[in-house]
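With the hints as your guide, set chain B with the ligands onto chain A.
Here the protein sequences line up with chains A and B, keeping their order. When the first sequence is numbered by the working numbering, its final residue is 377 and no position is left out of the sequence of numbers. When the second sequence is numbered by the working numbering, its final residue is 271 and no position is left out of the sequence of numbers.
No lab work stands behind these hints: they were computed from the structure.
Think about it this way: if two alpha-carbon atoms lie no more than 30 Å apart in a straight line, the pair counts; the simulated BS3-like pairs of lysine-lysine are: (1) B:Lys254 to B:Lys159; (2) A:Lys47 to B:Lys254; (3) A:Lys4 to A:Lys161; (4) B:Lys182 to B:Lys42; (5) A:Lys3 to A:Lys161; (6) B:Lys191 to A:Lys47; (7) A:Lys161 to B:Lys42; (8) A:Lys47 to B:Lys263.
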Amino acid sequence: MSKKVAFMQGNEACAHGAIYAGCRFFAGYPITPSTEVAEVLSAELPKVGGSFIQMEDEIGAMAAVIGASLTGVKALTATSGPGFSLKQENIGYACITEVPCVIINVMRGGPSTGMPTGPSQSDVMQAKWGTHGDHPAICLVPASVQELFTETVRAFNLSEKFRTPVTVMPDEIVGHMRERIVFPEPGELEVVNRPAPTVPPADYRPYDTSFGDVPPLAAFGSGYRFHVTGLNKAEDGFPTTRAGIVQAEEERQVRKIEKATDEIVTWEEYLLDDADIAIVAFGSTSRSARFAVNEARKHGIRAGLFRIITYWPFPEKQIADLASRVKAIITPEMNLGMTLHEVRRCVKGMTPVSGIFRVDGEPIGPAQILAGIREVM
Amino acid sequence: MGFDYGKYIRPGKLPHIWCPGCGHGIVMKGLIRAIDSVGFSKDMTSIVSGIGCASRLPGYVDFCTLHTTHGRGVAFATGIKMAKPEMNVICVGGDGDGVAIGGNHFIHACRRNIDITYLIMNNNIYGMTGGQFSPTTPTGAKASTTPYGNPDPPFDIAKLAIGAGATFVARGTAFHAAQIDKLLAEAMRHKGFSVVEILDSCPTTYGRRNKYKSVIEMMNHLKDVAVPLSAAEKMTAEQLRGKVITGVLYKENKPEYASEYRKLVERVQAG
Ligand SMILES: Cc1ncc(C[n+]2csc(CCOP(=O)(O)OP(=O)(O)O)c2C)c(N)n1
Ligand code: SF4
Ligand SMILES: [Mg+2]
Chain A
1 MSKKVAFMQG NEACAHGAIY AGCRFFAGYP ITPSTEVAEV LSAELPKVGG SFIQMEDEIG
61 AMAAVIGASL TGVKALTATS GPGFSLKQEN IGYACITEVP CVIINVMRGG PSTGMPTGPS
121 QSDVMQAKWG THGDHPAICL VPASVQELFT ETVRAFNLSE KFRTPVTVMP DEIVGHMRER
181 IVFPEPGELE VVNRPAPTVP PADYRPYDTS FGDVPPLAAF GSGYRFHVTG LNKAEDGFPT
241 TRAGIVQAEE ERQVRKIEKA TDEIVTWEEY LLDDADIAIV AFGSTSRSAR FAVNEARKHG
301 IRAGLFRIIT YWPFPEKQIA DLASRVKAII TPEMNLGMTL HEVRRCVKGM TPVSGIFRVD
361 GEPIGPAQIL AGIREVM
Chain B
1 MGFDYGKYIR PGKLPHIWCP GCGHGIVMKG LIRAIDSVGF SKDMTSIVSG IGCASRLPGY
61 VDFCTLHTTH GRGVAFATGI KMAKPEMNVI CVGGDGDGVA IGGNHFIHAC RRNIDITYLI
121 MNNNIYGMTG GQFSPTTPTG AKASTTPYGN PDPPFDIAKL AIGAGATFVA RGTAFHAAQI
181 DKLLAEAMRH KGFSVVEILD SCPTTYGRRN KYKSVIEMMN HLKDVAVPLS AAEKMTAEQL
241 RGKVITGVLY KENKPEYASE YRKLVERVQA G
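The shape of chain A in the complex, shown without the other chains (with noise of 0.2 Å):
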């Protein structure tokens, strides 16, 4: 049998990746340009006996889905910045609850409303810093429409795995674009999901650390009863104020995602085994960099890609070992710097590290990646 080929929109591939990886809830508010992947669901949702419902704002519906995960299933929102904004409270609950869910964030310009049909990228930082206090964060940032289907499946599977909210995001162009796909067979691609408690219900905490730093969560309506709160709280689920207690559960949180980070972070490496100047970049700004190297290589420039595909956890050993062996770092992305500031994080001052910025709304294309390239040169 010959494998289901199509061509279709980023956003629509997340949508169905979503499917694929068991997904049986969605809840949203529509946003530009995010909102095919709720159209697309509340079609199809139905089909495979899951629920969409669309709520009154982000804030809601974010709630509801974390509602629907603690009834044990796969749920999921979309959204762009404002509404992304909207949810940081209720994805901080998610992070202190450790309630598994997705959230697809198609970046747009902003602050505020910004240009809704732009493309950004300018919503990496408020993905790790977005809600208050600390907790763990893993942020996924495919380039292609292929690339978002195989990524909203993987960012299932973590969330699933780690007991945490996970955080696709694709620009605009990304989410927007048309292009081939081939959709993955059943079975083709991993799928996680939750492990149920293996103590009986008596026995059981949420929070229970003798199962390690993800402990197993029950759902609700399978026999388990226990208490879900966003204060502090100790391993038996209920509120606590015990310093002790309190300190060890959130160096936990974010423990559970750092000691994972070599398992979670995901990068790809173009042309870099003899180059002399780096390109680090992501989403449709990475595509635009590939073609730049290419152009720089006709002419002599050994030039090589990293293409960051997990933002959150970042790839700081791997940006450090290649600050190692080029001469430059170059990072071009649509905003005023904020992959710059964590790569320059990385390099530790051991190579320069320059940027190439846009927040106009227009992509940055090849030529102007090349114009940077010339530069350092």
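Just chain B with the ligands, lined up with the frame of chain A:
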């Protein structure tokens, strides 16, 4: 023989955080009796809340409980009900939680007519944060942020619920304890979004500032203002001034959201 609350109270979770004389404890007991009388199983019942003194209730009772973010309880509850319609879903919270920060979720849950029972403990104040005025604080009343008297007009929660499309709306008071479980039980049996507002008392942050000399005086006030619907129907507008009508104020049968959605799913799957 007295009612055995122990069957539903989580071992080791009492004493509660509520002040002496707070009405929330009376309401919690009414809720427990109501659940017992309708026979909801503990495993298949979820009790959800927002943030506030009233919203601390779920921590004490032995169900699938969810203490969420301020004002968002109804939205979390909506997710639970949609994802697992066979669960009994009850949402509880205060006046500030429900009709200030959570007002949007509240009216939309009413409109959808999703099968959730929503218990609002209305003490006319933000108790937990020390007594700032809420959307139900009477005009002229004193709160920590209305030192010259409250300039705002209040909401009538029951009217708001009816206007927004709730299909069961009832009101009681913390003084009329025996009525609380009856109203809540009827609400839980109702298929659709049911709202039960219990006029409650916060002696600590509201009574003190508004010249109620004691908890008893506050309770007596609830007794005095409450007029059962049956009696109210025979009274003139003049006689009803300053009174609050109690009982089942509105009831209507309409398609319920979660089950209608399941029908849609079946239709789509049938092709
Ligand atoms: C987003 C957010 N804003 C403000 C608060 C602070 N806060 C906590 S409880 C509360 C008011 C609670 O009042 P109500 O719902 O009437 O409950 P009560 O304490 O009176 O029972 C407020 C304003 C908060 N926790 N979260
Ligand atoms: S502050 Fe008021 S509402 Fe809160 S527990 Fe005390 S009496 Fe009850
Ligand atoms: Mg109150």
